[in-house]
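Chains A and B are the protein sequences, given in the same order.
Per the numbering used here, numbering through the first sequence is continuous, rising by one, with the last residue being 518.
Per the numbering used here, numbering through the second sequence is continuous, rising by one, with the last residue being 154.
Simulated from the structure, these hints should not be mistaken for laboratory data.
Think of the CB as a built atom: it goes at the ideal place given N, C-alpha and C, for glycine as much as any other residue.
Treat the hints with care, as some may be off.
[As the list claims (entries may be wrong)] Label pairs and their calculated CB-CB ranges: (1) 107/A to 98/B: 46 to 52 Å; (2) 57/B to 412/A: 35 to 41 Å; (3) 56/B to 174/A: 27 to 33 Å; (4) 63/B to 107/A: 46 to 52 Å; (5) 352/A to 79/B: 47 to 53 Å; (6) 64/B to 375/A: 26 to 32 Å; (7) 75/B to 138/A: 48 to 54 Å; (8) 138/B to 326/A: 30 to 36 Å.
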Amino acid sequence: MVYTHKNPALLIIGIIFFAIALLTGMGMLDGLIKAIGAKKYVGEMIWLGYIFGIIGIIVGLWHWLGSHEEGDLDYYLSTIAGAAFIMLVAMIIRWFVAPWVATMSKAIGPVMGAKYLHQVLGLNYVVLGILAGIIIVNTVGVPKWAQNGVRLSRLGLKTGVILLGTLYSLAELQQLGKLSVVLIGVFVLGSVGLVLLLGRLRGLPNNMTGVLSAGMGVCGVSATVAASPVVKARAIDIAYTIGTILLWGVGCMFLFPIIGHMLDMGHVQFGAWAGTGILNSAQVAGAALAYQPDGIETLKVAEIFNITRVLFLPIIVLWLALWFVRREDNGEQVNIGQVIVQKFPLFVLGFILMFALSSTGIFAPPQHYKGKYFDNNIPESKLLKPEEVAVLKAQFDKVKKEDRKAALQRLVDNRKVMSRQDDAILRGLNNAKVLDKAGNKILKKAHKSVRHTAKKIKKFRQWITLLFAFGLTGLGMQITMSAIRQAGGQPLVVGGIVGTLKAVLSLIVILLFVHETI
Amino acid sequence: MSLRRILLASHGTKGARAAERAALNKAARAGAEIVHLYVVPDFWAGMKGDDWLNSPTARNAFGDYLEKELTREAEAEIDRLNKAAKERGVHLTTHVLNGDPADCLLRLSADCAPGLVIIGQPRPKGETGYNSRMKPEPLLRALACPLLVVPRAS
Numbered sequence: 001m002v003y004t005h006k007n008p009a010l011l012i013i014g015i016i017f018f019a020i021a022l023l024t025g026m027g028m029l030d031g032l033i034k035a036i037g038a039k040k041y042v043g044e045m046i047w048l049g050y051i052f053g054i055i056g057i058i059v060g061l062w063h064w065l066g067s068h069e070e071g072d073l074d075y076y077l078s079t080i081a082g083a084a085f086i087m088l089v090a091m092i093i094r095w096f097v098a099p100w101v102a103t104m105s106k107a108i109g110p111v112m113g114a115k116y117l118h119q120v121l122g123l124n125y126v127v128l129g130i131l132a133g134i135i136i137v138n139t140v141g142v143p144k145w146a147q148n149g150v151r152l153s154r155l156g157l158k159t160g161v162i163l164l165g166t167l168y169s170l171a172e173l174q175q176l177g178k179l180s181v182v183l184i185g186v187f188v189l190g191s192v193g194l195v196l197l198l199g200r201l202r203g204l205p206n207n208m209t210g211v212l213s214a215g216m217g218v219c220g221v222s223a224t225v226a227a228s229p230v231v232k233a234r235a236i237d238i239a240y241t242i243g244t245i246l247l248w249g250v251g252c253m254f255l256f257p258i259i260g261h262m263l264d265m266g267h268v269q270f271g272a273w274a275g276t277g278i279l280n281s282a283q284v285a286g287a288a289l290a291y292q293p294d295g296i297e298t299l300k301v302a303e304i305f306n307i308t309r310v311l312f313l314p315i316i317v318l319w320l321a322l323w324f325v326r327r328e329d330n331g332e333q334v335n336i337g338q339v340i341v342q343k344f345p346l347f348v349l350g351f352i353l354m355f356a357l358s359s360t361g362i363f364a365p366p367q368h369y370k371g372k373y374f375d376n377n378i379p380e381s382k383l384l385k386p387e388e389v390a391v392l393k394a395q396f397d398k399v400k401k402e403d404r405k406a407a408l409q410r411l412v413d414n415r416k417v418m419s420r421q422d423d424a425i426l427r428g429l430n431n432a433k434v435l436d437k438a439g440n441k442i443l444k445k446a447h448k449s450v451r452h453t454a455k456k457i458k459k460f461r462q463w464i465t466l467l468f469a470f471g472l473t474g475l476g477m478q479i480t481m482s483a484i485r486q487a488g489g490q491p492l493v494v495g496g497i498v499g500t501l502k503a504v505l506s507l508i509v510i511l512l513f514v515h516e517t518i
Numbered sequence: 001m002s003l004r005r006i007l008l009a010s011h012g013t014k015g016a017r018a019a020e021r022a023a024l025n026k027a028a029r030a031g032a033e034i035v036h037l038y039v040v041p042d043f044w045a046g047m048k049g050d051d052w053l054n055s056p057t058a059r060n061a062f063g064d065y066l067e068k069e070l071t072r073e074a075e076a077e078i079d080r081l082n083k084a085a086k087e088r089g090v091h092l093t094t095h096v097l098n099g100d101p102a103d104c105l106l107r108l109s110a111d112c113a114p115g116l117v118i119i120g121q122p123r124p125k126g127e128t129g130y131n132s133r134m135k136p137e138p139l140l141r142a143l144a145c146p147l148l149v150v151p152r153a154s
């Protein structure tokens, strides 16, 4: 089979990217960029525009005018059209639509404290990208020439998670690892057990209960996919379960950031909550980036929880397999080794490898690993000015949380951020937009004065953001309303009960026991 | 005008089984053949796209398993209807199509030019089953022959 479509679409996409880069570089889009407040993306528009423009034009010419024969070259190059299509949608959203939405929202004025509507609703480039993907697939559909490449979104997300491994310190990974194992352990095992119990009480067939418990407990669709063959799920059980998970997951992706903003949750708290309470792993990343679009702290926490969840998957599959064998005649004996090998997520090894490499200092100058990435030994010129201190002091009463009050007090007293912990707390305060615009600007300045990120790490952060934007927009293109409409029957009832309990109880536990810093 | 060919859309729901009975009765009386349409709904295409954490092995195992399950379901329905047609001495051919049920019906109707199309009353909300109802409007606009919707209770 020949996968490449003889079509000028990729060439056109390449020309669009190239034109954006060229026009931006020549300053011809300055008016538009200024009007929508997209100045911070100018550099990216140029270098990324040229890269994708040149690739799109060269491969696009081959797609359109070349002769294609069955083989690896045809298969792999055919995916570029779909990947470029996702990238175009994602970047148009990131460079133009999201800044425009933010500008419009700011014109309305703050709606919750100092937060604007788009911040409360989490309407940033990630969420808008997922929405655009969902709208495209459910209206005009993904074009045939792009279908083969849209699946590359998985690769984008996995690569994003692997690169994320470069951003953790050993202490962070230890702390987050412990926290995630405890929370995921309690809530995953708890929800799997609860679904099995409710299934029995409501007289559901074992295959339906089995597949639903995996989907509700572990990582949504991924767990359903892994567990279905083991519990011999019928097609209708799979349809009900995936429909319910998608409905719940998309709903949570929008709802969680709103609740997080209402409760002024910190990055660690929100990341932990999203990673525990949202059923589907893809929407965990979406919610984390929706909550904190301008930083990566929340995503870092949420992804550790995602990884922990997926590491729990083989255990849950084994549990369900044994549970099913005990109840059904047609249950097959499981080969424990085979289940572990087949269900083990290999990309987690990539994440660990990147973390290990990063720990050696390969990605940053040596002093960054001796504490210099946080350095409050700063010159007078970088200290907060008295008038800036006055702005912060005037808004002191707006801050309610004790740890935030204390960190702000130290900032005001010393005119600089005093510790890594204070830096994390004040980043949380900035993200929560408790202070007004001027106050938040000062907090940002104080952070920038003490935090020095190595160039390579900065690049990794940028690539991680782009990979997640790409991956999540592509995943949006695979969420169909016809699949969501399959939500129903007993799985919706049981899923609704367990999903709500998990979200509410994990929120309570996190608010009570998880602090803003680790 | 004699009825030579009936196009029956059925995938085993209560409404579809009522349609099957009506089609078999009519075909037996008129000496007509039945063209049976079994649709595998296109929502399945969107049922695994959101899975990104699994290894390709786990995903392929799921794909194979789901395909087998859908085939088993389809074969069970087709066998059952074949037996019923054989008992009544009615000639029946089955077409398994993948897509939107109404589109598939219109496509097959254009190919086999039936004298009558028979479908069952849609499944009421709350009853177990796929949410892939056949929308009547496109059928009413595009079909070139009468359409019989058989009540579930009949």
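The hints, checked one at a time:
1. 107/A to 98/B: 46 to 52 Å: Given a distance of about 48 Å, which is inside 46 to 52 Å, the answer is holds.
2. 57/B to 412/A: 35 to 41 Å: Since the Cβ atoms of residue 57/B and residue 412/A sit about 57 Å apart, the hinted range of 35 to 41 Å is violated.
3. 56/B to 174/A: 27 to 33 Å: holds (31 Å)
4. 63/B to 107/A: 46 to 52 Å: holds (48 Å)
5. 352/A to 79/B: 47 to 53 Å: Hint holds: Cβ distance 51 Å, inside 47 to 53 Å.
6. 64/B to 375/A: 26 to 32 Å: Between residue 64/B and residue 375/A, where Cβ atoms are some 56 Å apart, the hint is violated.
7. 75/B to 138/A: 48 to 54 Å: violated (31 Å)
8. 138/B to 326/A: 30 to 36 Å: violated (49 Å)
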